[in-house]
Amino acid sequence: MTAGTTIAAPKCDPTPPGTGRHLHSFVSELYPICRSITGNGLRETLRRIGEKIPVQIHEVPSGSQVFDWTVPREWNIRDAYVKNSRGDRVLDFRRSNLHVVNYSVPIRKTVSLCELKEHLHSLPAHPDWIPYRTSYYRDTWGFCVSQKVLDALPEGNYEAVIDSSLEEGHLSYGEFLLPGETQEEILVSTHCCHPSLCNDNLSGIAVATFLAKALSGQPRRYSYRFLFIPGTIGSITWLSRNEPIAQRIKHGLVLACLGDRGGFSYKKSRRGNAEIDRVVWHLLSHSQEAFKIRDFSPYGHDERQYCSPSFNLPVGCLNRTSHGEFSEYHTSADNLDFVSEEALAGSLQFCLDICDVLESNRTYRNTNPKCEPQLGKRGLYRELGGQTDSEAREMAMLWVLNLSDGENSLLDIAERSGVAFGAIRQAATSLAQHGLLAP
Amino acid sequence: MTAGTTIAAPKCDPTPPGTGRHLHSFVSELYPICRSITGNGLRETLRRIGEKIPVQIHEVPSGSQVFDWTVPREWNIRDAYVKNSRGDRVLDFRRSNLHVVNYSVPIRKTVSLCELKEHLHSLPAHPDWIPYRTSYYRDTWGFCVSQKVLDALPEGNYEAVIDSSLEEGHLSYGEFLLPGETQEEILVSTHCCHPSLCNDNLSGIAVATFLAKALSGQPRRYSYRFLFIPGTIGSITWLSRNEPIAQRIKHGLVLACLGDRGGFSYKKSRRGNAEIDRVVWHLLSHSQEAFKIRDFSPYGHDERQYCSPSFNLPVGCLNRTSHGEFSEYHTSADNLDFVSEEALAGSLQFCLDICDVLESNRTYRNTNPKCEPQLGKRGLYRELGGQTDSEAREMAMLWVLNLSDGENSLLDIAERSGVAFGAIRQAATSLAQHGLLAP
Amino acid sequence: MTAGTTIAAPKCDPTPPGTGRHLHSFVSELYPICRSITGNGLRETLRRIGEKIPVQIHEVPSGSQVFDWTVPREWNIRDAYVKNSRGDRVLDFRRSNLHVVNYSVPIRKTVSLCELKEHLHSLPAHPDWIPYRTSYYRDTWGFCVSQKVLDALPEGNYEAVIDSSLEEGHLSYGEFLLPGETQEEILVSTHCCHPSLCNDNLSGIAVATFLAKALSGQPRRYSYRFLFIPGTIGSITWLSRNEPIAQRIKHGLVLACLGDRGGFSYKKSRRGNAEIDRVVWHLLSHSQEAFKIRDFSPYGHDERQYCSPSFNLPVGCLNRTSHGEFSEYHTSADNLDFVSEEALAGSLQFCLDICDVLESNRTYRNTNPKCEPQLGKRGLYRELGGQTDSEAREMAMLWVLNLSDGENSLLDIAERSGVAFGAIRQAATSLAQHGLLAP
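Which chain is which? The protein sequence lines are P, E and W, in order. Per the working numbering, the very first residue in the first sequence carries number 1; after that it's consecutive. Per the working numbering, the very first residue in the second sequence carries number 1; after that it's consecutive. Per the working numbering, the very first residue in the third sequence carries number 1; after that it's consecutive.
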């Protein structure tokens with residue numbers, strides 16, 4: 001019989017060599033674009049993702065009501081600078097899009113140094129870095145600048161120019177549904193609203209894109225929904241337009257900050273013991289790497305919205321080093337050097353491992369529940385008794401048989417036995433092939 | 001709107017300066033009185049309490065059946081002494097009422113030193129201290145004496161006189177009901193049967209009296225019932241006469257040993273996770289002081305009766321250093337110096353804090369449960385994004401919004417978030433004022 | 001009244017002096033017999049047990065289907081040896097029955113050393129020891145030999161002779177039911193299939209036999225069922241023939257490896273919190289000895305079958321040092337010196353203690369549940385109050401009174417209070433004698 005192959009899908013192939021390079025290359029491609037929660041930079045980013053996977057781009061008009069929020073005007077920017085009295089650009093948007101406070105209103109004004117300073121943001125603790133600042137919901141303007149440059153500005157008049165527009169337009173987001181055998185969905189959500197910042201969150205965008213690509217090529221029990229959205233307003237917009245679909249989401253991950261060299265950090269869903277929480281915990285605890293598991297808190301990325309009380313979706317958040325725990329966070333130091341090929345590839349592989357466990361975590365029934373079945377006559381047991389070396393393979397089979405009373409999933413069995421899920425699944429496959437296990 | 005003010009009552013004012021002095025002064029006033037489980041000393045103590053709060057004094061006749069117990073005869077004492085052959089009072093009730101075994105039958109007898117010693121109690125380990133002994137339910141007589149005095153008694157005859165009476169009379173107790181918006185009650189019980197012992201339990205009497213006084217001056221959701229009772233027989237008597245009222249008790253505290261310089265010690269109710277248990281735990285764990293939480297045991301003060309199986313009331317016991325954990329316990333060293341103004345004031349304040357949390361611990365409903373509401377447009381959120389300093393005030397609001405699904409009280413939210421109850425309540429007040437939270 | 005004596009049976013007498021000697025002597029008597037999962041050695045062992053307790057011997061024909069298994073052919077052996085070219089027996093079954101792989105098919109063959117070695121098993125790490133090997137379910141033959149002897153065998157031809165038979169016959173097992181007041185049963189199961197190995201499991205056989213004998217002489221609430229069975233196939237056979245009886249089993253113990261000098265090790269039932277699990281844990285945690293409690297796993301002795309998913313019986317496994325944790329396990333070093341009189345007697349006593357707690361673990365009702373009853377007037381309380389030495393006896397009574405609300409068994413009370421079961425039972429007896437406690 002071939003039931004075994006349908007019961008527990010073979011573990012997906014490991015990511016092919018070169019994957020890390022391709023991921024980093026995609027990060028590099030997207031790095032120069034000035035993104036925001038709306039506008040052409042975001043649109044262009046979605047277009048580039050669309051070159052890799054058939055993502056659908058949605059455009060939601062400014063002014064649309066999305067629950068308690070309103071889709072804002074669309075922001076676009078062409079140029080921005082501060083010129084000194086000699087006409088030199090002392091701050092130049094073309095050199096770094098972080099120099100402009102994101103969502104700054106247009107300005108063209110000559111100001112004294114004193115007045116200019118009221119609109120400058122810097123990081124005294126990191127004098128070489130440019131901070132990243134936004135002002136989405138209050139009309140203002142400003143520049144971000146390294147402390148060093150700030151300190152060197154002489155008295156005098158400056159010309160401050162921001163050639164931006166803040167007008168009725170659209171909020172753009174990308175959506176890609178990869179259908180599976182069932183309509184039950186796994187959600188993968190990643191925010192695409194930050195300008196030239198690599199770990200936060202070109203790393204998440206790249207990993208999500210390549211994850212979609214990799215899953216396209218393998219059998220799927222679940223359907224997978226990928227969302228490439230501006231943070232907060234994007235997930236709120238999607239949820240407000242897709243309430244019935246949200247109910248199909250059985251597991252979900254928000255991906256962010258996945259390119260730095262730190263170990264994995266997972267923030268549990270609001271439920272705290274959802275299957276996704278248990279799967280990630282199981283895999284991390286059986287890995288050889290350091291990791292962190294954090295309880296849910298209502299601060300962070302878009303899991304805040306997915307886990308709001310009316311939705312309460314089983315969505316966790318996967319990072320390497322979490323926001324606020326690395327000093328490069330939201331500064332110009334979160335650049336192409338800060339993210340590594342190896343880290344990006346490892347993050348992709350871990351996401352694939354998570355999906356793999358979710359795909360194959362099922363509950364079986366021991367067809368022979370009264371005493372143990374005789375494994376030996378089926379060639380499943382060592383033939384010569386009395387050897388003191390216990391066999392991991394046999395132990396996994398015995399655990400699966402003992403706990404498969406219809407109440408325990410393979411993950412439950414892995415957790416109770418302390419045996420890795422992979423070994424439990426392999427045992428289940430063998431037993432099913434011999435008719436000792438049924439769905 | 002003004003909903004916020006009704007939703008979460010403002011935290012009560014801290015105890016005014018001088019409170020510690022007033023508490024200690026009340027302890028000093030009551031110190032000389034010779035109390036017992038019945039009699040005029042107890043009655044006089046209740047009268048003095050009545051000068052501060054309108055306590056009602058109940059008199060229950062000797063011989064009344066109270067559950068398995070019988071109200072004992074009333075004990076009164078006028079004088080007692082042991083005179084040596086020269087007629088000197090070597091033990092004198094007028095110098096310390098601890099010298100007489102409480103509830104001693106009247107005696108007037110000349111005895112040899114040898115026979116006298118059979119009726120003397122001392123503490124060899126603390127040769128300067130007089131122990132405190134009682135014999136409520138067996139007719140006997142005796143004197144308590146410091147080891148030093150005992151050792152110095154020469155051979156010879158002694159005149160032992162106890163001018164007491166043990167006759168049909170009454171058991172007295174005080175009761176004060178402070179009505180609130182609802183008939184649900186918070187019980188505060190304190191024992192008043194010990195003679196000149198300060199920590200055990202003039203401290204409890206003083207704190208309870210001043211607590212009643214302080215609560216009188218503020219709005220109350222709960223009604224508060226204060227019991228000033230002789231230990232054991234008093235709570236049994238009250239319970240036997242007030243079974244229906246006992247069912248209204250939603251939370252309760254036995255107050256004892258609250259004047260010494262130790263940190264707080266709380267013994268949980270028999271239920272172990274009653275709201276009172278959780279409130280005290282929460283406040284202590286957020287305090288900067290050392291503290292102890294002990295599981296319920298059926299030995300201690302009157303919580304033994306309130307937590308007997310048929311009542312099983314949610315009543316814990318609050319002490320600083322618990323009975324049996326300080327060597328001065330039940331000795332003459334538990335005197336006016338052993339209790340401090342600061343400790344008494346701190347105990348009162350802590351009781352007020354407990355009541356304050358109980359009063360304002362309610363369950364709300366997020367009126368906007370689908371995704372987060374936009375706090376910014378209501379002025380509840382920092383306006384410039386990207387700052388890495390997280391704001392405690394915002395976090396508290398996000399927690400309240402996320403968990404206010406109708407299932408979680410403010411205390412539940414405080415416990416899960418790790419945020420102090422006060423900050424959670426403040427957040428709830430703000431949110432309610434903006435219509436984002438409803439009862 | 002005499003209710004107390006029926007409520008809590010007096011703790012059984014400790015094992016009389018000389019018990020350890022008698023246990024060890026029984027082990028010695030059974031030691032030379034060559035047992036297997038079937039055959040005359042097993043039968044003879046059951047006959048010897050029958051000389052001590054009236055065990056019933058069942059014979060189940062070869063070929064009988066027992067769930068997924070088939071009762072195997074019966075194996076008997078008369079002689080076996082390997083002779084060198086000079087005709088000397090270099091390996092001789094008559095010197096140790098471990099020399100023959102248990103269940104070897106008959107063989108009479110002259111073989112080269114090279115061919116012989118394919119059928120020899122040794123333990124290089126313990127060159128003096130003979131390993132124990134079996135081949136129940138695959139027809140083969142072999143010899144076990146110390147590494148030293150193996151290394152000394154010169155080249156040449158050898159005569160290998162196993163004078164065994166493997167024929168239709170029976171599987172034998174012993175069963176002894178000791179009826180009690182109720183049909184609810186305590187199962188004691190021990191495996192009898194190993195040849196000359198003392199700890200595994202003549203120790204279990206001896207302890208079970210003497211336990212049956214000791215329990216015969218005392219009043220019993222429970223019925224006790226003792227099974228003396230070959231491992232695995234024996235418990236499967238019994239379960240397949242006694243499904244309805246299995247449902248009467250309320251508690252059970254598999255006894256094995258109880259003669260070595262190690263502390264107790266208890267493996268919990270699959271349920272994990274069955275009464276037997278809690279009883280053993282309670283007794284061990286109140287003992288002064290080191291011990292181990294292990295979670296259930298589906299590998300070990302016959303608890304594997306009793307705890308298979310359809311039965312899921314509350315059966316744990318009691319050992320001193322567990323299989324696989326002592327290097328003498330399944331070797332000739334598990335001999336008469338490896339087991340001690342003291343260890344055997346201690347194991348028997350511990351089994352009696354377990355039964356004792358199970359027998360007397362009942363749930364009572366405080367007949368006076370409103371406040372404490374007045375213990376003093378019944379002579380159950382110290383008469384002079386104020387003494388600071390707390391009395392363990394009184395505490396135990398207060399705990400029993402407080403928790404006997406019909407929900408808590410004496411074991412529950414012992415666990416919550418931290419007081420030893422024996423003291424809790426004694427308190428219950430006193431209280432029942434005074435009518436303060438009812439079943």
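It is worth saying that the hints were derived from the structure and are not from the lab. None of the values given here were measured: they were computed from a predicted structure. It is possible that part of the hints are untrue.
Note that the list lumps identical chains together, so a pair holds whenever it fits in one copy or between two copies.
To be verified - Here are the simulated lysine-lysine pairs, DSS-like style, with alpha carbons at most 30 Å apart:
#	residue 1	residue 2
1	Lys83	Lys250
2	Lys213	Lys148
3	Lys292	Lys109
4	Lys292	Lys250
5	Lys370	Lys52
6	Lys213	Lys109
7	Lys250	Lys370
8	Lys109	Lys377
9	Lys377	Lys83
10	Lys83	Lys370
11	Lys250	Lys377
12	Lys213	Lys292
13	Lys52	Lys213
14	Lys377	Lys52
15	Lys292	Lys370
16	Lys250	Lys148
17	Lys109	Lys148
18	Lys377	Lys117
19	Lys83	Lys52
20	Lys117	Lys148
21	Lys377	Lys292
22	Lys148	Lys377
message = For a quick check of understanding: which of the numbered hints are violated here, in increasing order?
response = When the structure is compared with the hints, numbers 1, 2, 3, 5, 6, 9, 10, 11, 14, 16, 19, 21, 22 turn out to be violated.
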